[in-house]
Every structure is written in C-alpha cells, then in structure tokens.
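Q: Using the hints, put the two standalone chains together into the complex.
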Amino acid sequence: MGRYVARRLLETIPLMIIISIVVFMFIHLIPGDPAKTLAGVEASLEEVEALREELGLKDPLIVQYFNWVKNALSGDLGRSFKSNLPVTELIWSRFQFTIRLVFAGLVWAPFAGIFIGVMCAIKRGTWVDLGGMLFAICGLSAPGFWLGLMGIQFFSVKLGWLPSGGLESWKHLILPSMVMGTGIMATLARYSRSSMLETLREDYVRTARAKGQREQIVMFRHAFMNSLIQVVTILGLQIGGLLSGSVLTETIFSIPGMGRLLTDSIAYRDYPTIQGILLIFALQYVLINLIVDVLYGVINPKIRYD
Amino acid sequence: MSNTQNEQAKINTSFEENYIDENIKVSTDGKVKAFVKKFAKRKTAVVAFFVMVALLILALVGPSLAPYEANAFDYDNILSGPSAKHWFGTDQFGRDILSRIMAGAPLTLGVALSSVIVGAAIGTVLGLLSGYYGGWIEMLVMRGADVLFSFPDILLAIAIVAALGPGIINVFIAVAVFTVPSFARIMRSATLAVKGCLYVEVARSLGCKDGRILFKHIFPGTIQSLIVNFTMRIGSAIMAASSLSFLGFGANVADPEWGAMLSLGRSYLSTAPHMVYLPGLVIFVTVLAFNLFGDGLRDTLDPKIK
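Chains as they are written, first to last, in my numbering: chain A, 3 to 308; chain B, 3 to 308.
Hints may be right or wrong, so weigh each one.
[Unchecked claim] Taking lysine-lysine and the BS3-like style, the derived pairs with C-alpha atoms no more than 27 Å apart in a straight line are: (1) B:K45 with B:K33; (2) B:K197 with B:K211; (3) B:K33 with B:K197; (4) A:K72 with A:K84; (5) A:K160 with A:K125; (6) B:K45 with B:K35; (7) B:K45 with A:K125; (8) B:K197 with A:K125; (9) B:K40 with A:K125.
Keep in mind the hints are simulated off the structure, nothing from the lab.
Bound conformation, chain B alone (with noise of 0.2 Å):
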C-alpha cells in the first residue's frame, strides 16, 4: 500500500471511530407504538393479523393437535360429510380430512414460507446490489429478472419442477426462485430512492465503507417495502406450491398437503365434494389472511398508496 493511501485509510478510520458512534441508539419505541396505533384502525388488517398468527400455531402445534391420525383408516366412514364424530367428513379411505388439514399445515405453510424467506434475502441482496454499483451488476440483475417474468406467473416454477422432476423439495426450489426477481425489482428501486438521501451522503463523506452504507445505511431504509413484498409474496407462493401439488407435480398424493388433498377430491366431485370444499377453503382462509394483513401494513406503512 502506498503512502497516500496509508494517509487515507487513517484519516477514513479515524473518522469513523469519531463520527460513528455505535452507542448512540435511536428510540424506535415511539415510532412503534404509532405504527401499532396507525395499525389498529384497520379492523379488516387486525382479524386477518390474528387468523395469521393462528394458522402459523397451527403448523407449528397442528399435527399434535390434531383429533385423528393423518394416515389413520376408518373403513366404516368412507366418503362421509362432515358430522359430529368427523367435523370436515372423511375420504376414500375414511381418513378424517380436518385431521389431515392440520398435518397438512406444516407442510403447507412451511414451503410457502421457507420458499419466500430464501427467495427474498437472494432477490433483496441482489436488488441493494444492483441498486447501490448501477453499472454491469444492476444490468446482469435486471435482465437476469425479466428473463424471469417472461415466463410468467407459476409457469416458471412449472418449468423449473419439469427439469427437476416433481417433489416438495422441487416445488420450494421452484417457488423460492419464482420469488426472486420481485423482490430483486422492488428492492432496486427501494436502494436507488434511499442512495440519494443526504444521510447517505453523509455516510460516504465520512469515509463509510460501501458494505457499511450498503448494509447499515440503506438497508433499514428499504425495510418497508422488503415488509409489505413478503407478506404479500407469502399468498402467491402458498398459491403457487398448491397449484402445483394440485397438478400432481408437488407433494406426493399421499401426503397431506392441501392442494394434493384437493387434487385427490377430484375424483369424488359428485359423491363428497366436502373433499374439494373444505382443503380449498382452507387455502382461500390462509392466502386472504396474508393478502389482507399485508395490504394492512402497506397502507399503514406507506399512506400514499391507498
């Protein structure tokens, strides 16, 4: 390292230990309770809240919860509709269907949400990346996810699990690339309003370096719209992995996930459609408690978009 440069770094380190004070710690309790305040007017957004949190109880806690054996053969009750013994009715094989929801659940949620939370963190790095160096990087990025969104909506995790070869494993691939280039998008465009804020400015004056900026400045920044995509974003994968079990290319028949449970139904639509009515029902419940709770925050957070 030559001279000056020795000269810089000391001078950039100097200012950082000066300026930078790491114990300085700004309040968020007030602006929480706003949020929290703001939040609870809107009662649509607060049930959808709590149906939420209920669903998430029920994967984590479900199957041990759950009055029969997923798997459980009750010969005597074939086909039959929901009564006081079976509250959901049963299927061919007499397996109580609420039991199998509430197996269902972890399975179900859980690549939806597993999908996402990777899905999002490749999408969001990508994005701050290409957002923040513009250049080559934001060109490789953003066409990278046009490519994607030309094969729109769950065809692009229809192709993905073609080559892959069906599975659960397969379809959280599928779904969590399918998420990819929104949030790669969203967040781009989150990075390139907060750049140009002056505290930005006056983080790389004082010599920040671009992984601290990056990470520390304009990350928490973008944060709002990282919240709202993924709670949206969760609806459309718990969607498109039941879209795609329903089509046979997901979770394996016998396994309870909900929209295999619907695909199975099929086949009884005239003598038991309970066995359509209520998995489906389900995933309507779950992906309109996630649609409505993030339009809650979005409104919430960002009150221009009404």
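This is chain A alone, in the form it adopts within the complex (with noise of 0.2 Å):
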C-alpha cells in the first residue's frame, strides 16, 4: 500500500509542474504586450516601464518562472491590482465560504444520488427505476443558475422562508445547497445504478443467493458495497466539478467565495488574483483525484497489485 501511495504522489509532481507552467504562461496569453494592457489606455510610457519591471517581465521567461514558482511556494502570489493586497490573503479570506458551500452540496447530493441509483438498479424496468432515471437526467440538464434563480424566485420572493443571497446562517445555504448538489446527485444516481447492475451480474451474488443468503444481506453486503468503488472515483471527480460550480453559485446567491472573487477579478483585468485562483483551483483538483485514487486502493485491492 505503501508503494502504491508513494507511486500516485511521484506522478503528481510532473502534473504539478506542467500546471504552473500553465498558469503562469496565463498573463502571457493575453493579446498585445501584457505590462500596456495591464497599465491600462491611459497610462504613460513611464508607467507601463514602470510595471513592466515591477512584474518582471524583462527577464527571460524562464528567469521569470522560476521566481514565479519560488516565491509561490513561499505563498506569495503577488499583489491584486485592485485592492493591493497580497493575493494569497485575498484567497484565503475567501476560502471559507467556497469551501462551506462544497459541503453543503456535499452533505446529501452524494446520499441522494447513490440511494435513487441504488433503487433504480434494484427496481429494473419499473416505474421507480423509469422515474429515477428520468429525475437523475433532468438534473443533469437543468442549469445551475436557473435553478438558482427559481429558487430565489419561490421560496425568497413569493413565499419568503428562505433569504436570497449572503452566508450568515444555516438557512442561507438551503438554496446555494440545492444547485450545488443537484448535478452530482443526478451523475451518481446514474453511475451507481449502472454499477449496482453489473455487481448484480457477478458470479459471487450469484453464489451468495445459491447458498440461501437473505435478499437484503445479498444486495446490501455482497452487490452494494462492491458496486461503490465505481461511485468513489466518480465522486472525486464530481468535487472538481462543485469547485467550478461554486462560480456560478456565488454569483447568483452573491456570496464572496473565491467563485466570486474570480469573476470580480476578470471584471477588473485583476491578473495576479485570476492566476493565483487559477493555481488554488487547479491544485485543489489534483490533490482530490489524489485522494480519491489511494482511496480506490485502499477499497479495491486489486489495483494496489497491477
């Protein structure tokens, strides 16, 4: 297990590497010569100078790097051009709120959509396993910000139980909950009813229903437990998803995560701030598909051995 663990992390690094090169060829992406385009139309040809040794962008690009990287391991990510303050603390004074709404998504979306799946697999053909997928479809193509916004619309305008918008209490995150949520409940309904179908399948339900097991103890233990090392994978992917998901929910429910803090920053041409989330985002993701993937080894111990 040991070694398994250790393997998953050397391949990281090399992905790690690639995706700060990335980012940080983002601000040479930009069209035109970036230290003008950052000065902005009005500034003078002192200024842009002026910026363009302040960002280090005289330097070779390579030069340019590896101080990038340097200083970013040391946590600094440079200065917003809005507020002039340093990035890192702009991200982590955010953080807490992306981070609450990951979890509210989190708290039923994954329960939700493993039980309907699991109820579908187990009711083929009828109509609960016709309605469940049918469900599970229609919150894979309703829009976020739609629901968000027929949300707000029901239950904060017309019947007036839940607020609008802001993070104070429990009942702030109901209705960002809801659109959090509703995209994994229905990719895990649908991944679990797949996956419970094939473990259904297999040999050793079979066996355990020749030998007389009891119907509940044969779908529980023998076809349910195995049939969620599909869905645990899938999972990990899906909390990528409620990360960039958290973009569209902080914009409608005007909660200042770092969802929020990205689109601000693009209004604004803020750079430095876009690139540090850009780097926050991407890392993120990468350490839970890491995660999920010694995870998957440690529930299936045939991937350990391969």
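A: This is the structure:
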C-alpha cells in the first residue's frame, strides 16, 4: 500500500509542474503587450515601463517562471491590482465561503444520488427505475443558474421562507446547497445504477443467493458494497465540478467566495488574482483526485497489485 | 532510395493493388435498418430526437419565423407576463421574449455546435494518433489532457475567456478547447481497442501505410464512441456557453443569447419572473433533448453499458 501511495504521489509531481507552467503562461496569453494591457489605456510610457519592471517582465521567460514558482512556494502570489492586498491573503479570506458551499453540496447530494441509483437498479424496468432515471437526467440538464434563480423567486420572493443571498446562517445555505448538489446527485444516480446492475450480474452474487443468503444481505453486503468502488472515483471527479460550480452559485447568491473573487477579478482585469485562483483551483482538483485514487486503492485491493 | 527499399515499395504497391479492391462495398443498409429498429424502441430517445431536430430547424429558420423583431421595443408592454399578444411575455424594454429566444437560437446552438465540431475534430485526431503510435505522442497528448482536466468543468472556459477577453468568438474558442481533452481520451482508448483487431493486423501485413490503416481501418471502428460522445458534449457545450454569457463573459447583453437573456432577467426576478423562467426552460429542454438522444444512442450502439 505504501508503494502504491508513493507511486501516485510521484506521478502527481510532473502534472503539478505542467499546471504551474500553464498558469504562469496565462499572463502571456493576453493578446498584445501584457504590461501595456495591464497598465491601462491612459498609462504613460514611464508607467508601463515601471510596471514591466515590477512584474519582472524584462527577464527571460524561464527566469520569470522560476521566480514566480519560488515566490508561490513561499506563499507569495503577488499583489492584487484592484485592492493592492497580497493575493494569498485575499484568496484565504474567501476560501472558507467556497469550502462551506462545497460541503453544503456534499452533505446530501452523494447520498441522495446513490440511493436513487441503487433503488433504480433493484427495481429495474419498473416505473421507479424510469422515474428515477428521468429525474436524474433532468437534474443533469438543468442549468444551475436557472435552478438557483427559480429557487430564489419561489422560496425567497414568493414564500419568504429562505434568504435570497449572503451566507450568515444555515438557512442561507439551503438554496445554494440545492444548486451545488443537483448535478452531483444526478451523475451519481446514473453511475450507481449502472455499477449496481453490473455487480448484480457477478458470480459471487449468484453464489450468495444460491447458498440461501437473505436477499437484503445479498443486496447490501455483496452487491451494494462492491458497487461503491466505481462510485467513489466518480464522486472524486464530481468534487472538482463542485469547485467550479461555486463560480456560478456564488454569483447568483452574492456569496463572497473564491468563485465570486474570480469573476470580479476578471471584470477588473486583476491578473495576479486570476492567476492565483486558477492555480489554487487546479491544485485542489489534483489533490482531490490523488486522495480519491488512494482511497480507491484502499477499498479495491485489485488496483494496488496491478 | 536503395534497391531493397525499392523492391519493398514495389511489393507493397502490388499487395495494395491486388488485394485491396476499392470497388468492393460492404452493404450497410441492413445495419442501418437494424439500428433504426432498435433505436425506435427507446421512446424517450425518439421524442428527444424529434425535439432536437425541431430545435435545429428553429436555429436555421427561427429568426425569420419570429412574430416580432428581436430588438423591437414596445413601451406599452414593459415587463408584461405571457399573454395572447406576447406568448412568453416581454422584457424591460417591451421586447417579445419568444421572438428573442427564436432569434437567439442560431447564436446559442451555433456556438455550441461549432465549438464541439472543432473540439471533436482536434481531439479525435490527437486521440487516434496517440492511441496508434503510443510513445512520446501518447505521453504528450495524455499529459496535455490531464492538465486541461485539472481545471474542472467551465473553469477552463472561464480561464480562457479571462485571458482572451469576453465576447462570443472567445466563448467559441474556450468551449472548443474545453471539449478537446474528452475526445482525445475517449478516441485514444477506442483506438487502442480497435488496434488489436485481426483486420487491422491483416491490413498491416498487407503493407498498408499508417495513414491508410489509421483513417480507413481504425477510424471507422471508433466511430460509435465518437458519435455518442459528440451528442453528449453538445449538451455540455450549450450549458458552458450559456453559463459564460450568464456570467457576462460571453455574448453582448443586447444580444438575444439565451444565457445573456437570463442574466438580464435576474434584476427583475420579483416583478417579472417569466424573464428567467422561460429562457431557462428553453436551455433546459435543449440540453435535455441532446442528453436523452445521446443516452438512447449509447444504449442502442452498445447494449453493455446500460
């Protein structure tokens, strides 16, 4: 197991290096001269030159990259053009809101999704199956921003039950959690159904039934527990989706999280902040995938020894 | 060219001339009939197919069929709900929402379709090459896909738009780039599966050139995976493009793009909720139709995955 974890960790290093290059190159993707664009139309030639110097854009690209990585590793992602605050500080102050949102989505959606999927598989071919899968595909096809706005209109404006924005109490989390979780629920419902159906066809399930095991135990211990192996991987990928889903959710519900910071920074052309958020989002995603892979190795011994 | 190589070339050509007869056509009529018969059994997919065709026709002729001009102001009917005169109601300038949805169809569907076509073409070529040649090409393409996948969902598209600036053309580029890695991965595994087939071995032993093997023998074998993924990705492309426009990074707010219309309706949620409900419903139905059709196609083509 130790070797498996070490191998996965080592495999992550080149990926992280490439991600850092891509995020670093982001500033050079801006059409035209980055210093001129960043300084704005009204900036004088001296101001542009000063900015070029400040950003280190005069150095060769490779030197710039290594300086940037060195600073990033020591927690310095530069200063925001908009507020002049250190980007790390800015991201950290917003991080807790996004994490709260991600957890709000994770609290119910995976369980609901797996429950729907497993029920559909057990009742295959019946109206439960048809209804469950139709519900899942509807959840997958409904734009989050539409669901969110309809939720606000119905529960906040019409009924007055829930607040329409902010994140002060648990009540504020209900609608955003609905928007965050719908996609994950729908995806997991579909995957757990097919995974459960596949497991139900396995020889060991037939053996369990043949030896007279009670149907509930066959379903739960033999089929369901094994079908979870595939579902865990999908769940990991979905958490990444939740991170990016926070961009839309935070915009709809006016939550000052990382996603909102990203959209605001794009509007202000605050490139160091954009760069910092992209780096953090990508690294978070790689880290989650690494954890999921390790977890996958823990629950599925076949993987460890391939 | 040395003598031996000349000899070899001659042998190769004579093999191709003698054994590969371009005039021999395998009839596909029976296969198509069997496919249609099988597909017709999936009622939801058939309904989705007709909705999809209707939407595509709407995109082609919609603007000319619209009851009003997309930007015709009617100040007597500002923010009015659905009525006999304006079936989907009007917006804050009295513009007819149904006409705007119809006029916006070519924009929303056009961006989604064209970006998936471009992304699919690039991804397919990369996937075919990396699956067939392996080695450094495979490593480069797959690591590239890993990096692009590290920016989950629409985050990659947001990052691209952040660098290139807002606008519909940049949304097209962003969605196309966001589509490439999924095709590259799927086509690579499809190529690997077909590469080992006996007929590919035969083609190789007959002296077929790489290009011929790749595009005439391997590619047709991977087309099922291509078609299924293509249909599925159109749904996500519509969602991504409208999300970008909703966030204000895509179409101009004055354009009748569906996501931009929703974004505009946000400010009138309490007085004119139809401005959000109806354009959102159209996005939902469109994405649902493509997803249901894709599901039906997948189940028909590959009954194993159910």
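Q: Given the hinted pair B:K45 and A:K125, is their Cα-Cα distance within 27 Å?
A: holds (20 Å)
Q: Straight-line Cα separation of B:K45 and B:K33 no greater than 27 Å?
A: Satisfied, since the Cα-Cα distance of roughly 20 Å is no more than 27 Å.
Q: B:K40 and A:K125: Cα distance at most 27 Å?
A: holds (23 Å)
Q: Between B:K45 and B:K35, is the straight-line Cα distance small enough, at 27 Å or below?
A: holds (17 Å)
Q: Is the Cα-Cα distance between A:K160 and A:K125 27 Å or less?
A: violated (38 Å)
Q: Quickly compare the C-alpha distance for A:K72 and A:K84 to 27 Å and report which way the hint goes.
A: holds (24 Å)
Q: Would the pair B:K197 and A:K125 pass a check requiring their Cα atoms to be no farther apart than 27 Å?
A: This hinted pair is violated, its Cα atoms lying about 39 Å apart.
Q: Compare the distance between the alpha carbons of B:K33 and B:K197 with 27 Å, and conclude whether the hinted pair is satisfied.
A: Holds, because 23 Å separates the two Cα atoms, which is no more than 27 Å.
Q: Keeping to a limit of 27 Å between CA atoms, is the pair of B:K197 and B:K211 held or broken?
A: Holds, at roughly 14 Å.
Of the numbered hints given earlier, the model fails hints 5 and 8; all others are met.
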